[in-house]
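Asker: Chain residues, written in single-letter form:
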Amino acid sequence: MKQENAVFDQLLRTSPEEFINSWLADVAATGSGGTTSTNDARELFAALHAAVAADADMDRLDGAGWAKTRSVLTALSQSRAAQGASAGDTSQFILSIKKPLFDSIQKSLGGDSSKAAFDAAWTASMLVDKLAQFTATTYQRSREDVIQRQQQELLELSTPVVKLWEGVLAVPMIGTLDSSRTQLVMESLLTRIVETGSELAIIDITGVPTVDTLVAQHLLKTVTAIRLMGADCIISGIRPQIAQTIVHLGIDLQGITTKATLADALQLAMKKAGFVISRNKA
Amino acid sequence: MERIPILKMGRVLLVTIQVDLQDQVALALQDDLSAQIEKTGASGVLIDISALEIVDSFVGRMLASISGIASVLDATTVVVGMQPAVAITLVELGLSLEGVRTALNVERGMAMLAADDRNQIDD
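Residue numbers (the numbering used here), protein chains in the order written: chain G, 2 to 283; chain H, 461 to 583.
Please keep in mind that the hints were generated in silico from the structure rather than gathered at the bench.
The C-beta atom is built at its ideal place from N, Cα and C for all residues, glycine as well.
Wrong hints could be hidden among the right ones.
Derived, one-sided and incomplete: chain H residues facing chain G with beta-carbon distance under 7 Å [unchecked claim]: (1) GLN478; (2) LEU481; (3) VAL485; (4) LEU512; (5) ALA547; (6) ILE548; (7) VAL551; (8) GLY554; (9) THR562; (10) ALA563.
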């Protein structure tokens, strides 16, 4: 076994329970603990001790000897990321090992050999920093995965195609219209038109915050594609501000039926399909 | 070279495109169709492209020009059964086929042409 590994093996072997308790006390003092801290700490301590005992290279955390430790750290950061703990709290949990580690160094060397104490402290500090850095990186990656997944879900959630009446489909658009959204809406709407044989589609843009030239172009494309399929399209839910913007920008919506509200659009759709709505007089 | 058959149904010429359109085939169709409109005095042309999976700008332009030629010969053209992917492709190519009438399927296209024909006679 390498000399520094031997020193650390000695440190970790002496009184593991005391070490873990002191570590957890420090975590609790900084207020960054969680309900699963004790189990996490035990698991990580065991992995760390095993790696040191197996003579893993102290300078290279990405080496084979640290594989088990890395997987424990990965699981830890992933579960913390899923629970919504902050990156700071997660790395603080790891950084808190320093204190019990330094305490045991001090105890075991008794202050008589300053050179050896300094070396051990330095190695310990480096190692803990590396562990914390690895945890923070993994944590960040897990968070990004969560964000990406949510983005994808949001994209799919926000564009449902609903059937309003026999032969009338509607898409309530919510959120900003960009190329990928338009593409998705266009595809799902056109597919539904073929499936249901609907002759009329209503695109409701009440939930679209702003309409600029690009958004208008996307809308025009969708309308043209619907027309090419042999169906008609009505755009509804144009708020007064948006109507003003459209005119000020000089966007040409000629040839497209536009209505102020979805109710108006539905009324027109019924009329086109030849339905008459009447109230049943009691 | 294969040719696309043109069927006469009353006053309507029915063209069903079942294969991927090669440029030569498309040009031949344009020739045959204009000759047939002249010969039969048809008032409507129905082009069914429901089996067409792939289009390029040439085919898109050809659809537009067939419609133009037919309208000069006083026949209305209806393109029916366009697939979503084809519609998206044409839009992305910037071909909106202005002036070409469209319908969801052959049945509705026929109804559309029949209604047109009645209106014309009434006038």
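Asker: Next, verify each hint and record whether it holds.
Answerer: Now the hints, each set against the structure:
no.	hint	result
1	GLN478	violated (18 Å)
2	LEU481	violated (16 Å)
3	VAL485	violated (21 Å)
4	LEU512	violated (12 Å)
5	ALA547	holds (4 Å)
6	ILE548	holds (6 Å)
7	VAL551	holds (5 Å)
8	GLY554	violated (10 Å)
9	THR562	holds (4 Å)
10	ALA563	holds (4 Å)
Checked against the numbered hints above, the structure breaks hints 1, 2, 3, 4, 8 and satisfies the rest.
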